[in-house]
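Peer 1: Using the hints, position chain B with the ligand against chain A.
Read top to bottom, the protein sequences are chains A and B.
Going by full-length UniProt numbering, the letters in the first sequence line up with residues 1 to 371, in that order.
Going by full-length UniProt numbering, the letters in the second sequence line up with residues 1 to 363, in that order.
Everything labelled a hint here was simulated from the structure, so no lab data went into it.
Heads up, some of the hints might be wrong.
[What the hints assert, rightly or not] Over 10 Å on every C-beta distance to chain B, these chain A residues come out as not near it, computed from the model:
| id | residue |
| --- | --- |
| 1 | Ala100 |
| 2 | Glu107 |
| 3 | Asp133 |
| 4 | Lys189 |
| 5 | Pro333 |
[As the list claims (entries may be wrong)] Here are the in silico distance ranges between beta carbons for each label pair:
| id | chain 1 | residue 1 | chain 2 | residue 2 | range |
| --- | --- | --- | --- | --- | --- |
| 6 | A | Lys44 | B | Leu309 | 30 to 36 Å |
| 7 | A | Asp181 | B | Leu309 | 37 to 43 Å |
| 8 | B | Ser289 | A | Leu167 | 58 to 64 Å |
| 9 | A | Arg182 | B | Ser289 | 45 to 51 Å |
| 10 | B | Glu267 | A | His119 | 39 to 45 Å |
| 11 | B | Asp108 | A | Asp181 | 37 to 43 Å |
| 12 | A | Gly209 | B | Glu191 | 36 to 42 Å |
| 13 | A | Leu167 | B | Arg288 | 45 to 51 Å |
| 14 | B | Asp108 | A | Tyr329 | 45 to 51 Å |
[Claimed, not checked] Selected chain A positions facing chain B (Cβ under 7 Å, derived; list incomplete):
| id | residue |
| --- | --- |
| 15 | Lys44 |
| 16 | Arg47 |
| 17 | Thr96 |
| 18 | Arg97 |
| 19 | Lys210 |
Values in this document were obtained by computation on a predicted structure and should not be read as measured data.
Just so you know, even glycine gets a beta-carbon here, dropped at the ideal spot from N, CA and C.
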Amino acid sequence: MTGLQDKLTPAQVEEFGRELDEIRQRIVADLGQVDVDYIHNIIKTQRALEVAGRGLLFAGFFPPAWIAGVTALSVAKILDNMEIGHNVMHGQYDWTRDPALSSQKFEWDNVAPAENWRHSHNYMHHTYTNILDKDRDIGYGVLRMDPAQKWNPYYLGNPVYATLLALFFQWGVMLHDLEFDRIVKGERKWSDNKEVGLKMLKKAGRQVGKDYVLFPLLTGPLAPLTFLGNATANLTRNLWAFSIIFCGHFPADVESFTEEETENESRGQWYLRQILGSANITGGKLFHVMTGNLSHQIEHHLFPDIPARRYPEIAGEVRAICEKYGLPYNTGPLHKQLFSVAKKIVKLAMPWNGEPRTPATVESDKTLRAA
Amino acid sequence: MTALVPRRARRLASLAEALLTPHGMDRYLELVDPMLVRREVRGLVTGVRRQTPDTVTLTIRPSRAWRGFVAGQYVRVTVEIDGVRRTRCYSPAGSEHDGTLELTIKADPQGLVSRHLNRTVTTGSVLGLSTPDGEFTLPSPRPRRILLLSGGSGITPVLSMLRTLADERHEGDIAFLSYSNGADDALYRAELADLSRRLPGLRVVHAFTHAKTGGDLHGFFSKEHLAEAAPWYPDAETFLCGPKPLMDSVREAFEADGLGAHLHTEEFTPPALTFDTENAEGQIRFARSGREFENSGKPLLEQAEDAGLKPEHGCRMGICFSCTQIKTAGCVRNAKTGETSSEENEEIQLCISVPVGDVEINA
Ligand code: FES
Numbered sequence: 001m002t003g004l005q006d007k008l009t010p011a012q013v014e015e016f017g018r019e020l021d022e023i024r025q026r027i028v029a030d031l032g033q034v035d036v037d038y039i040h041n042i043i044k045t046q047r048a049l050e051v052a053g054r055g056l057l058f059a060g061f062f063p064p065a066w067i068a069g070v071t072a073l074s075v076a077k078i079l080d081n082m083e084i085g086h087n088v089m090h091g092q093y094d095w096t097r098d099p100a101l102s103s104q105k106f107e108w109d110n111v112a113p114a115e116n117w118r119h120s121h122n123y124m125h126h127t128y129t130n131i132l133d134k135d136r137d138i139g140y141g142v143l144r145m146d147p148a149q150k151w152n153p154y155y156l157g158n159p160v161y162a163t164l165l166a167l168f169f170q171w172g173v174m175l176h177d178l179e180f181d182r183i184v185k186g187e188r189k190w191s192d193n194k195e196v197g198l199k200m201l202k203k204a205g206r207q208v209g210k211d212y213v214l215f216p217l218l219t220g221p222l223a224p225l226t227f228l229g230n231a232t233a234n235l236t237r238n239l240w241a242f243s244i245i246f247c248g249h250f251p252a253d254v255e256s257f258t259e260e261e262t263e264n265e266s267r268g269q270w271y272l273r274q275i276l277g278s279a280n281i282t283g284g285k286l287f288h289v290m291t292g293n294l295s296h297q298i299e300h301h302l303f304p305d306i307p308a309r310r311y312p313e314i315a316g317e318v319r320a321i322c323e324k325y326g327l328p329y330n331t332g333p334l335h336k337q338l339f340s341v342a343k344k345i346v347k348l349a350m351p352w353n354g355e356p357r358t359p360a361t362v363e364s365d366k367t368l369r370a371a
Numbered sequence: 001m002t003a004l005v006p007r008r009a010r011r012l013a014s015l016a017e018a019l020l021t022p023h024g025m026d027r028y029l030e031l032v033d034p035m036l037v038r039r040e041v042r043g044l045v046t047g048v049r050r051q052t053p054d055t056v057t058l059t060i061r062p063s064r065a066w067r068g069f070v071a072g073q074y075v076r077v078t079v080e081i082d083g084v085r086r087t088r089c090y091s092p093a094g095s096e097h098d099g100t101l102e103l104t105i106k107a108d109p110q111g112l113v114s115r116h117l118n119r120t121v122t123t124g125s126v127l128g129l130s131t132p133d134g135e136f137t138l139p140s141p142r143p144r145r146i147l148l149l150s151g152g153s154g155i156t157p158v159l160s161m162l163r164t165l166a167d168e169r170h171e172g173d174i175a176f177l178s179y180s181n182g183a184d185d186a187l188y189r190a191e192l193a194d195l196s197r198r199l200p201g202l203r204v205v206h207a208f209t210h211a212k213t214g215g216d217l218h219g220f221f222s223k224e225h226l227a228e229a230a231p232w233y234p235d236a237e238t239f240l241c242g243p244k245p246l247m248d249s250v251r252e253a254f255e256a257d258g259l260g261a262h263l264h265t266e267e268f269t270p271p272a273l274t275f276d277t278e279n280a281e282g283q284i285r286f287a288r289s290g291r292e293f294e295n296s297g298k299p300l301l302e303q304a305e306d307a308g309l310k311p312e313h314g315c316r317m318g319i320c321f322s323c324t325q326i327k328t329a330g331c332v333r334n335a336k337t338g339e340t341s342s343e344e345n346e347e348i349q350l351c352i353s354v355p356v357g358d359v360e361i362n363a
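Only chain A is shown next, with the shape it has when bound in the complex (with noise of 0.2 Å):
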């Protein structure tokens, strides 16, 4: 893996910052009804889902009733979590004024307390992407997921780390925030914490009693098929986000940076390392949709802030400038981007695996620079 970027000279990065400019513009002033239109279709689906599947389960004692309940609720979580939560929490309705989709104002069907994670997420996340020991989202604090980390016998846990990750995704974006391995690393102290975790409580709590307690009950004697049902739900939404959203950066070929490298990046070379960190996963409509159109994570880190609907619409353009600049654009099927992220989570488990890549950027950061 190359600097790719090291092609580029520093006017073509700007020329190139220009037209991805150019397009998050033109989609700005397109925005209007048939965006709100949208969204509020998908929150109609969304709570409709949602009771249907809560109201199912009222009669879990017939099987296809419990299943078709669990499914139901499962699609009703992804939605909530995906392409509403995830996206209003970007700010990408914000433009419409309307406070239930307030990025502020928004919370979701998550463990994880929206304030925290905007912060962790929106910010973090989105300004440092793939940046070594800034983007807290590199393996999640617990994971080795770029050669770069250097590994230590704990890394040999690696897949089983991932797969409990996987399982208990929400927990695991909740805690992320209170930032563990930096308090393991002594950055970071206990005390620190204190109101980030009481604001994870209070919101676990309502989480956890709705989903286990109070709807469990309310069924009476069909509380413990209902408490299995609302935990089914729980996995599958966990399952399918952290599949998504492993697939959006860590298949192979995406790049990391290290900090010096980045340092007074120009807005080019912010939209470079946006693609460079970024994957796609290719499918239809509908399943983009399911993955709050993360599908197209690289357009989702060039415009965070744009209405994810209009992604698979430049898309097409995207790739293009891509092409047109020589940089890679980084797509695939679901499978093969999950496999790319399994073989990369199982190898950098070993301790022969992993040459960080050189920067070669630092080098030419001095052109760059020059700009």
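Peer 2: Showing chain B with the ligand alone in chain A's frame:
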């Protein structure tokens, strides 16, 4: 028994809230019917009539979170135009003792919302409403003598006062002096005629600024008009709402007589804000649009516009909150109150916030 029902209902509601966490009940109820929401106020338009070609008068039934208003106050009305929610302030024109809400909206040729309301609202439309606000209200006990003075669509808050007084069977003297261009523009003529039949102490005076006939008085406001309509005005409390030129000349007349304290006004035109463009310093940054410029000392809304940005706004005078944005860093001074505040991530109104040094806005 009667006490038990609400308590049980409340318990059920909080159970429902817990079950429907994190979105809450309203986000489900509104999908069934937008008027079912419990926390927000919404209004169902039950009647639409046109008194003049460029106004629309709406009768509105508010949803259950509505707690009524006091005559003279205003409400924020929200509509969605091409996917974007827009909010403007309007004063109800009906009596505060009436459960419905009546708004008369004049289509301002430049006004996005007023034109939209005039064009599109029909019976059955649902509007977003706020709880009412505003200090422009009748004192209680009611003054014995009251002069109500209005110009154009500024009639709504003072008419609301008059209708309220009529419902209370007010026994003192009331003069209602209403300015309009001519007979075609005079709002609420029939209602006013009806009220003067019902209320013995009421005198309604129509003044036409542009027509020479048809009204009781003609031409722009003058002291003579005042003496004609309410010879006892120095003993009265006066309530005034209308366009700026009218407000200015009435104010001047009252100040000249030393009656300023008895004049109560509702501003719907911007007051002169104080700011200092000489000693301004610092950088202003609009983070999302990536625009950065030198602080000129003017309110942020104007500075942003000077820099080619087009932030959303409504009244430009700090009442409608259309221009509210999140200030992520820096200190601003409120040009109306003079207060400064430097909290991080606080909502500020761009139109009345003047930067003090570096400021960053999340827009
Ligand atoms: S524009 Fe109305 S409050 Fe600022």
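Peer 1: Which numbered hints turn out to be false for this structure?
Peer 2: Hints 1, 2, 8, 9, 11, 12 and 13 not satisfied by this model.
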